[in-house]
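Enquirer: So the chains spell out like this:
4 protein chains.
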Amino acid sequence: MKAARLHEHSKPLVIEEIPDPEVTGPFDVIVRTGAAGLCRTDLHIQDGWFDEAQKAAGMSLPYTPGHENAGWVESVGEGVTHVQPGDTVILHPVTTCGLCYACRAGNDMHCDSGLFTGIFADGGFAQKIKTGARTVVKLDPSLHPASVAALADAGLTAYHAVKKAVPLLHPGTKVVVVGAGGLGHIGIQCLSAMTPAEIIVVDVNDDALELAKVVGADQTVKADDGKIAAVRDLTDGRGGDVVIDFVGERGVEEWGPQMVRKGGSYFVVGYGGILQVPFQHVILEEINFIGNLVGSYNDLVELMTLTAQGKVTLHTKTYPLDAINDAIDDLVNGRLQGRGILVPNES
Amino acid sequence: MKAARLHEHSKPLVIEEIPDPEVTGPFDVIVRTGAAGLCRTDLHIQDGWFDEAQKAAGMSLPYTPGHENAGWVESVGEGVTHVQPGDTVILHPVTTCGLCYACRAGNDMHCDSGLFTGIFADGGFAQKIKTGARTVVKLDPSLHPASVAALADAGLTAYHAVKKAVPLLHPGTKVVVVGAGGLGHIGIQCLSAMTPAEIIVVDVNDDALELAKVVGADQTVKADDGKIAAVRDLTDGRGGDVVIDFVGERGVEEWGPQMVRKGGSYFVVGYGGILQVPFQHVILEEINFIGNLVGSYNDLVELMTLTAQGKVTLHTKTYPLDAINDAIDDLVNGRLQGRGILVPNES
Amino acid sequence: MKAARLHEHSKPLVIEEIPDPEVTGPFDVIVRTGAAGLCRTDLHIQDGWFDEAQKAAGMSLPYTPGHENAGWVESVGEGVTHVQPGDTVILHPVTTCGLCYACRAGNDMHCDSGLFTGIFADGGFAQKIKTGARTVVKLDPSLHPASVAALADAGLTAYHAVKKAVPLLHPGTKVVVVGAGGLGHIGIQCLSAMTPAEIIVVDVNDDALELAKVVGADQTVKADDGKIAAVRDLTDGRGGDVVIDFVGERGVEEWGPQMVRKGGSYFVVGYGGILQVPFQHVILEEINFIGNLVGSYNDLVELMTLTAQGKVTLHTKTYPLDAINDAIDDLVNGRLQGRGILVPNES
Amino acid sequence: MKAARLHEHSKPLVIEEIPDPEVTGPFDVIVRTGAAGLCRTDLHIQDGWFDEAQKAAGMSLPYTPGHENAGWVESVGEGVTHVQPGDTVILHPVTTCGLCYACRAGNDMHCDSGLFTGIFADGGFAQKIKTGARTVVKLDPSLHPASVAALADAGLTAYHAVKKAVPLLHPGTKVVVVGAGGLGHIGIQCLSAMTPAEIIVVDVNDDALELAKVVGADQTVKADDGKIAAVRDLTDGRGGDVVIDFVGERGVEEWGPQMVRKGGSYFVVGYGGILQVPFQHVILEEINFIGNLVGSYNDLVELMTLTAQGKVTLHTKTYPLDAINDAIDDLVNGRLQGRGILVPNES
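Protein chains in written order, with my numbering: chain S, -17 to 329; chain A, -17 to 329; chain X, -17 to 329; chain W, -17 to 329.
Chain S on its own, in the form it takes in the complex (with noise of 0.2 Å):
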């Protein structure tokens, strides 16, 4: 089969012909790779960020990346019954034991001995990816995989964290949401979906502030000097019950925990910045600091079904396998309207 290989670090990739990859354990899953989202990190990978890592797992180059699968079934371990060949399916980015107490208690993204799909594994740039039985999510036939592939990550982790922020959005509450981009814009049209709470999305791009209005924003403030009294402005002078933070970095980190009010949450996704910030403060204002990492097998579960039900749309611009570098390049250069999706099957 044709897969885009990293080679070397901070090279483009290499579109090769590998051998394809065969069932050899019972709970083994071949997916044909319907399409395959182009993410940030994927950026880091190619520049080494996560070598150190990768090597103390065992995994050496050259390998596949590529986290954001969704494809057809092809071929299945024998103790497989749930799906079979010909399902059309999304993927968990990780490959989960079930058995462990995380596992066990829905948490799967805790997996003891859980593996990243195109960190750890061989991912989804690729004809085929090799996965398990715990990370298919079986779909719609109808549906074509490139519509949905990039919320197996950027889409769950966006929703994982506004799902954690349900319970304290009640009526009346107000929720700051900081960038609307990829994962912004899609945490905005779960938030709509899913809570009454007030919707207030702050930006430095006017464009995405624009998009952030379409998809359910109900005040947008512009990222400038006057940002934090801004939000003030429209919180009652207290700041927001709840602010999801999408970017983590670029100043984000200094001024988006102000914008919380006493005895809110911040809500950390994005990353790069450094958080600091007194004890003190934190006690004061009683507030709360919240990690989010990927969402669960149930969460993209969940995820897929306020999909089918169109609460949430993607955007997104599709490459053939072969263009995996222009692709690269688009993203980097800022050129890339919504999110990029390889479609290693088309051409």
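Be aware that one or more of the hints could be misleading.
Because identical chains share one entry, a pair is satisfied inside a single copy or across any pair of copies.
To be verified - Listed next, the in silico DMTMM-like pairs over lysine to aspartate or glutamate satisfying Cα-Cα at most 20 Å (straight line):
| # | residue 1 | residue 2 |
| --- | --- | --- |
| 1 | Lys120 | Asp94 |
| 2 | Lys120 | Asp218 |
| 3 | Lys244 | Asp69 |
| 4 | Lys244 | Asp94 |
| 5 | Lys195 | Asp33 |
It is worth saying that the hints were derived from the structure and are not from the lab.
On a predicted model such as this, the values are computed, not experimentally measured, just so you know.
Take the given structure of chain S and dock chains A, X and W to it, following the hints.
Expert: Relative to the frame of chain S, chains A, X and W by itself:
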């Protein structure tokens, strides 16, 4: 009446005669002070740390500190029917409105117009205190105020943090308590009474660790160079499901957060230091930092129940009001075993 | 002032002049009645269903019913500072103490000494009402009391049940609403605003089902012989994750509980029937039956927010106070479309 | 191997030689039976109560009962890596798929395709049991299966109910336990270990009440004519915040629900009777009836932790497999002190 008042920052309190407080509004309650706890915050008040905030609130020197108060009701306003003269009471440290959303949701410590006694209103270092109907918790008449006064703030804060941690502490979990001093040794007793979690206590002080064992610690760890490794050893290499930090300064702000496991929560109670942690760590570990202010009125009611049941006890040393500057001196110089308690109406 | 009073059970109310209520305590509030909703419970009051309970509470004929009230503040006691004469307000139906554990936990509807207005105290079928500081929710002055009064009890109860169901209703769940009448049609709007659940409405009345669709039902089911099978068909053969029963009598008590899925919950709101179910069924299906009284004060605040946001609207018909017996007659004989609202100060 | 099998309803079990079970699928686990608890449900199975359900599930006579099993792993399928031959294990009574929404949410007892061992699959009244990888909980090798087997179902159910009640049981609350027998005496220990609530135990049997005191009851009440009044006296006239009914028949279904306070919850664990209560009462008291099935796999893990910590212990009497009909006879005739345990590989 006699009161110990602050006339000048960084100077001893002045023992002097001032007029008795009087009922002027329908919900006023005058309490004869049975006992008033002495707290490190009183040192900070004396040193002027709250000067700016006090001025903003219209509070000026001289005034009477003391925010951990218990005593006997002396007189009440016409609208007060739930306590009457002679009742033994402990006082919640915050006077609250009872009408804002926070008050009506049971979060009275977040009252829109709450005032902290002894900082923004005259406190308990006097023979009488003027408070409001909403602060008083009725106690068994056989109880002496001196045995519980320190629970009004120190104990209440520890209880509040533990109560918020209860849902995270099922059988098999491990909680790390950093600091077994005034608040910590109450927190350990609350954890022991309210959860089945294994309790691991970390402190620099051997006597504190000894006390920790007596009041409920399952394991103790000396806070020396091997502390993080020791906690890992006691938690299957993972860290605590919950870490409660009763120190929050002197280096704990750096090593404390390293003791929390993936998916776990760090409860901030002590303060002074600065929380510094990369967003990437918050996300990849999916950890939470949870702020903890003083508890609610009902928290105080519940803590009084634990005390009445013998599940929480305090170590104290009492001083007459005239000796308050000696008590402060003992506290500053580490000569105070347990909590210092003023008994303004005894000599 | 003019009031409609009950002098004898099972007889029409008497329109008569009685003295104006007056402020006598520091927390009293006198409200000029803008609107008072007419409720089936008023029929039961008229028929003497509550006679025994009223006598036990020291309430005797004649008195003034009316428990869904809104209007304008006319005068206040000396301890009242959060509203002032002229303010538009809606009244929570229960006067509460604000000091018991339930009140301080945000469950004021369980107040140890709560009194339900219009049953245990004179109500709103009069030009003025005497209430307490803790019942009044301040409204936007542009709002006319007649457009919200019925939310004070009927709406509040529906909201309260829905709010308790929110944590059970993640994407992909299905909620069955039995009864799309006065409470049900508000409940559907709350569900639609606050959850992503699919809403299936069951009713005997075609017009009610039509209205249900307009206000947010995803599916409707006629309550005829095929109703249980129809609900099973719409829920993958399982039944609803949550069933909210706004009827509770006329046979619903028998077939309603059969519509709840394994592990699901049945919310009881309507009443009249008797719940009869083998313990074995409760266990093997692991289902819950959840009682629902009127909501808390904060629930009413939140419902007012949904109303202000246009997410909840009411259908009403207004009557002058003199026409109250006509209104009752219309209600008894099914001629009342929407909720009947008295406007005691208009003619 | 030797097995005790049911050939005909209402007849003694037949001890006979049958073929050893064998690994046939990748996730099969064969366990050498260390101990198998005898439960009243086994009497009902013998009497044919589950006949219809069994036939519907394709289960026909003869077969082997026994659903409370523990032992040592003998062999495993190729996909099993978390246990190996020789490991001491206790078996969750339900074999589950691990892939449905319920399994992945941590509610494996609601698995879409779960099968209860000893009812819908051959159980532990035999020298070996065939089970699946997902049922086995690894134990400390020093532990003998006979000391824990009865926790696999009876204990697990009691634990599960208590765990669900924990959030309702803060300091100051009172929990009424009805029935201090097999399940009840474990429930009391769990309550004592996991909550600060005051525990009031009601039973008809003086010996049971004595045992209740030993294992953690704060108060005991003889279930005679004064029982409801006695419980009211012990609860400030209110009833329990939580009532856990481990009986569910013989009249408890009538008086048990009268012991729950306004706003409280009645946990149904025992069965046989019929719940009968007016909807009006459910609403005006705002009470809940909470069904409780056997616990989840993680619940069993947690219960094993409590056992290892010495917080839960069982009273048992062991029988060799050949004496199973004697054991049944002892159980039927009330001669069995504690739980009867079969030890099929001992004589």
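Enquirer: Could you work out which earlier hints the structure fails to respect and list their numbers in ascending sequence?
Expert: 3, 5
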